[in-house]
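Participant: Sequence:
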Amino acid sequence: ATTTPATAAASAAAAATARWEACMAAAAAEDEMRAVGARQDELCAEDDFEGADALTGRLEELAVAGTAAAAAALEAAARHAAATEAGIAALEAAVEEAKAAAAAAE
Numbered sequence: 001a002t003t004t005p006a007t008a009a010a011s012a013a014a015a016a017t018a019r020w021e022a023c024m025a026a027a028a029a030e031d032e033m034r035a036v037g038a039r040q041d042e043l044c045a046e047d048d049f050e051g052a053d054a055l056t057g058r059l060e061e062l063a064v065a066g067t068a069a070a071a072a073a074l075e076a077a078a079r080h081a082a083a084t085e086a087g088i089a090a091l092e093a094a095v096e097e098a099k100a101a102a103a104a105a106e
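For the sequence shown, position 82 matches number 82 in the working numbering, and the numbering has no gaps at all.
It should be emphasised that the hints constitute simulated quantities derived from the structure, not laboratory data. There's no promise every hint is true.
Claimed, not checked - In silico SDA-like cross-links for lysine to any residue, where the CA-CA straight-line distance does not exceed 20 Å:
| hint | residue 1 | residue 2 |
| --- | --- | --- |
| 1 | 99 | 88 |
| 2 | 99 | 87 |
| 3 | 99 | 4 |
| 4 | 99 | 5 |
| 5 | 99 | 89 |
| 6 | 99 | 3 |
Stated by the list, open to error - Between beta-carbon pairs, the in silico distance windows are:
| hint | residue 1 | residue 2 | range |
| --- | --- | --- | --- |
| 7 | 67 | 91 | 35 to 41 Å |
| 8 | 57 | 94 | 51 to 57 Å |
| 9 | 10 | 104 | 26 to 32 Å |
| 10 | 17 | 53 | 35 to 41 Å |
| 11 | 27 | 57 | 19 to 25 Å |
| 12 | 16 | 97 | 26 to 32 Å |
| 13 | 9 | 104 | 25 to 31 Å |
| 14 | 57 | 3 | 42 to 48 Å |
From a predicted model like this one, the values you see are computed outputs, not experimental measurements. Quick reminder that beta carbons are idealized off the backbone N, C-alpha and C, glycines included.
Working from the sequences, and respecting the hints, build out all of it.
Facilitator: What follows is the structure, encoded as structure tokens:
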């Protein structure tokens with residue numbers, strides 16, 4: 001199947017959207033980790049070590065989610081770059097095809 005500039009642009013746009021969504025998910029996980037960490041600190045200051053310890057699992061979940069989101073963002077960035085390169089190649093091919101058609105019409 002031949003990649004057209006339009007299909008490459010659509011793929012690049014989809015990858016850029018996926019990258020943005022993954023970045024937002026990673027940022028949300030980081031924000032929640034900070035809030036949970038702050039709450040954990042408050043509980044420790046109140047000598048509620050059991051309560052603070054209970055938040056450790058949530059911090060671990062958020063760390064895993066943030067890492068997965070960051071990996072997804074990197075993968076989407078690679079897809080975006082590949083689609084952009086395919087779009088450039090498709091545009092170059094279209095230009096060459098148009099030049100050939102113009103030359104043949106002369």
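Participant: Hint by hint, say whether it matches the structure.
Facilitator: Right, here's what the structure says about each hint:
no., hint, result
1, 99 <-> 88, "17 Å, holds"
2, 99 <-> 87, "18 Å, holds"
3, 99 <-> 4, "17 Å, holds"
4, 99 <-> 5, "17 Å, holds"
5, 99 <-> 89, "15 Å, holds"
6, 99 <-> 3, "19 Å, holds"
7, 67 <-> 91: 35 to 41 Å, "36 Å, holds"
8, 57 <-> 94: 51 to 57 Å, "55 Å, holds"
9, 10 <-> 104: 26 to 32 Å, "30 Å, holds"
10, 17 <-> 53: 35 to 41 Å, "39 Å, holds"
11, 27 <-> 57: 19 to 25 Å, "21 Å, holds"
12, 16 <-> 97: 26 to 32 Å, "27 Å, holds"
13, 9 <-> 104: 25 to 31 Å, "28 Å, holds"
14, 57 <-> 3: 42 to 48 Å, "46 Å, holds"
Checked against the numbered hints given earlier, this structure breaks none of them.
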